[in-house]
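Asker: Take a look at the letters that make up each chain.
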Amino acid sequence: MNSAALIIAEVVPLVTPETTFDVPANVVFAVQAVVMIFAAIRVVTTKNIVHAALWLVVVLGGVGLNYILLQAEFVAVTQFLVYLGAVIVLFLFGVMLTRAPLGVSDDLDNNQKKIGIGVGVALLAVLSYALIESFGRSELTFAAYEGVAGPNTNGRTQAVSDAIFGQYLIPFEMLSLLLLAALIGAIVLARRD
Amino acid sequence: MLLNQFLLLSAILFTIGVYGVIVRKNGVLVLMSIELVLNAVNINLIVFSTYWGIAGQVFALFTIAIAAAEVGVGLAIVLLIYRNQRSVDIDELDEMKG
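The listed protein sequences derive, respectively, from chains A and B. Counting in my numbering, the first sequence runs from 1 upward without gaps. Counting in my numbering, the second sequence runs from 1 upward without gaps.
Source of the hints: derived by calculation from the structure; they are not laboratory data. Hints should not be assumed to be uniformly reliable.
[Stated by the list, open to error] Derived Cβ-Cβ restraints for the label pairs, each shown as a range: (1) B:L93 / A:V50: 39 to 45 angstroms; (2) B:V41 / A:V28: 19 to 25 angstroms; (3) A:V121 / B:R86: 34 to 40 angstroms; (4) B:M96 / A:V28: 25 to 31 angstroms; (5) B:V41 / A:A86: 17 to 23 angstroms; (6) A:I170 / B:R86: 25 to 31 angstroms; (7) B:L80 / A:Y129: 40 to 46 angstroms; (8) B:R86 / A:P171: 39 to 45 angstroms; (9) A:A86 / B:E92: 25 to 31 angstroms; (10) A:V28 / B:K97: 36 to 42 angstroms; (11) A:N111 / B:L80: 34 to 40 angstroms; (12) A:V27 / B:V41: 24 to 30 angstroms; (13) A:S134 / B:M96: 18 to 24 angstroms.
[Unchecked claim] Listed next, the stretches of chain A that the computed footprint assigns to chain B, with coverage defined by at least 3 CB atoms under 8 angstroms from CB atoms of chain B: (14) 27-37; (15) 42-56; (16) 61-69; (17) 73-84; (18) 110-117; (19) 122-128; (20) 139-146.
For clarity, every value in this text was computed on a predicted model and none was experimentally measured. Idealized CB from N, CA, C, for every residue including glycine.
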């Protein structure tokens with residue numbers, strides 16, 4: 001009797017892995033979702049072009065936080081490095097080199113605001129209808145991660161690297177070619193002569 | 001956590017990005033709005049990678065690399081437009097209008 005209870009106590013946690021971080025994760029998600037949506041709206045409405053780049057930092061950081069909530073650590077770190085480190089600096093360089101108005105400027109928007117709002121609302125309505133209709137209240141299961149993520153390992157990053165350098169090796173190599181082409185193209189375009 | 005909370009967040013980001021592409025007339029700001037759209041797509045890829053396997057993460061990484069290349073070439077084009085026109089106003093580029 002006693003030994004049976006012991007065996008059950010030992011086996012049950014292995015059979016049903018406890019992922020009860022849902023409540024704090026949902027709180028974090030709600031807070032960062034509100035911040036991200038506010039920041040994204042500021043990116044497309046602010047009258048100061050440098051502020052738009054800085055609000056974009058908040059949005060991109062929030063996207064990285066989303067990746068962490070979804071347990072995709074490697075993509076999250078890449079997001080922080082590439083977007084917050086490189087892309088924002090590139091944007092600020094673009095702002096500088098095109099001599100954009102650095103203060104508040106009323107000349108950043110065209111007169112298509114009504115069309116923009118109409119298209120946006122219609123698109124959002126269609127997308128949310130389709131999403132709610134097809135996915136309803138289905139829970140995230142992290143089913144794909146089971147088996148690759150042992151405790152105290154970085155099994156998921158291992159699986160990502162296995163996929164990149166195994167099944168997706170040729171697309172990966174093509175990507176390096178694309179980056180080279182983009183590099184040469186950018187230099188050729190921006191060269192002064 | 002629901003699947004839909006992430007998907008709806010990314011739909012909202014996508015919509016805001018499309019609004020920015022329509023409304024902004026500074027070339028750099030249009031590129032920033034395109035970044036919003038690309039990031040919304042990436043959230044979708046990661047969400048579905050929790051469902052259907054690690055491939056979603058691989059594709060998200062590919063998207064990040066391609067987005068970086070896109071920003072580089074895009075900014076070079078914007079710079080070239082600035083050099084030829086002395087302005088990056090997208091609405092003034094109407095030379096192909098008959």
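Asker: Are V41 (chain B) and A86 (chain A) spaced within 17 to 23 angstroms by their CB atoms?
Answerer: 19 angstroms, holds
Asker: Quick one: are A86 (chain A) and E92 (chain B) within 25 to 31 angstroms, going by C-beta?
Answerer: 30 angstroms, holds
Asker: Could you check the hint for me, namely that I170 (chain A) and R86 (chain B) are 25 to 31 angstroms apart, CB to CB?
Answerer: This hint is violated: roughly 44 angstroms between Cβ atoms.
Asker: Falls inside 39 to 45 angstroms, the C-beta gap from R86 (chain B) to P171 (chain A)?
Answerer: Check passed, 41 angstroms falls within 39 to 45 angstroms.
Asker: Holds or violated: the region 27-37 of chain A covered by chain B, criterion of 3 or more residues with Cβ-Cβ distance under 8 angstroms?
Answerer: Answer holds; 4 residues pass the 8 angstroms Cβ test.
Asker: Against chain B, does the region 110-117 of chain A show at least 3 residues with beta-carbon separation below 8 angstroms?
Answerer: holds (count 6)
Asker: The hint says 39 to 45 angstroms between L93 (chain B) and V50 (chain A); measuring C-beta to C-beta, is that right?
Answerer: 24 angstroms, violated
Asker: Can you tell me if the region 61-69 of chain A counts as covered by chain B, using C-beta to C-beta distances under 8 angstroms and a minimum of three residues?
Answerer: n = 4 at 8 angstroms, threshold three: holds.
Asker: Verify this for me: three or more residues of the region 42-56 of chain A with a beta carbon less than 8 angstroms from a beta carbon of chain B.
Answerer: holds (count 6)
Asker: If you check the beta carbons of V28 (chain A) and K97 (chain B), does the distance land in 36 to 42 angstroms?
Answerer: About 49 angstroms separates the Cβ atoms of V28 (chain A) and K97 (chain B), which means 36 to 42 angstroms is violated.
Asker: Range hint 40 to 46 angstroms: satisfied by the CB atoms of L80 (chain B) and Y129 (chain A)?
Answerer: Holds, since L80 (chain B) and Y129 (chain A) (Cβ atoms, about 41 angstroms apart) stay within the stated range.
Asker: Establish whether the coverage given for the region 122-128 of chain A by chain B is satisfied; the threshold is a Cβ-Cβ distance below 8 angstroms, and no fewer than three residues must meet it.
Answerer: holds (count 4)
Violation of the numbered hints given earlier is confined to hints 1, 4, 6, 10, 11, 13; the remaining hints are satisfied by the structure.
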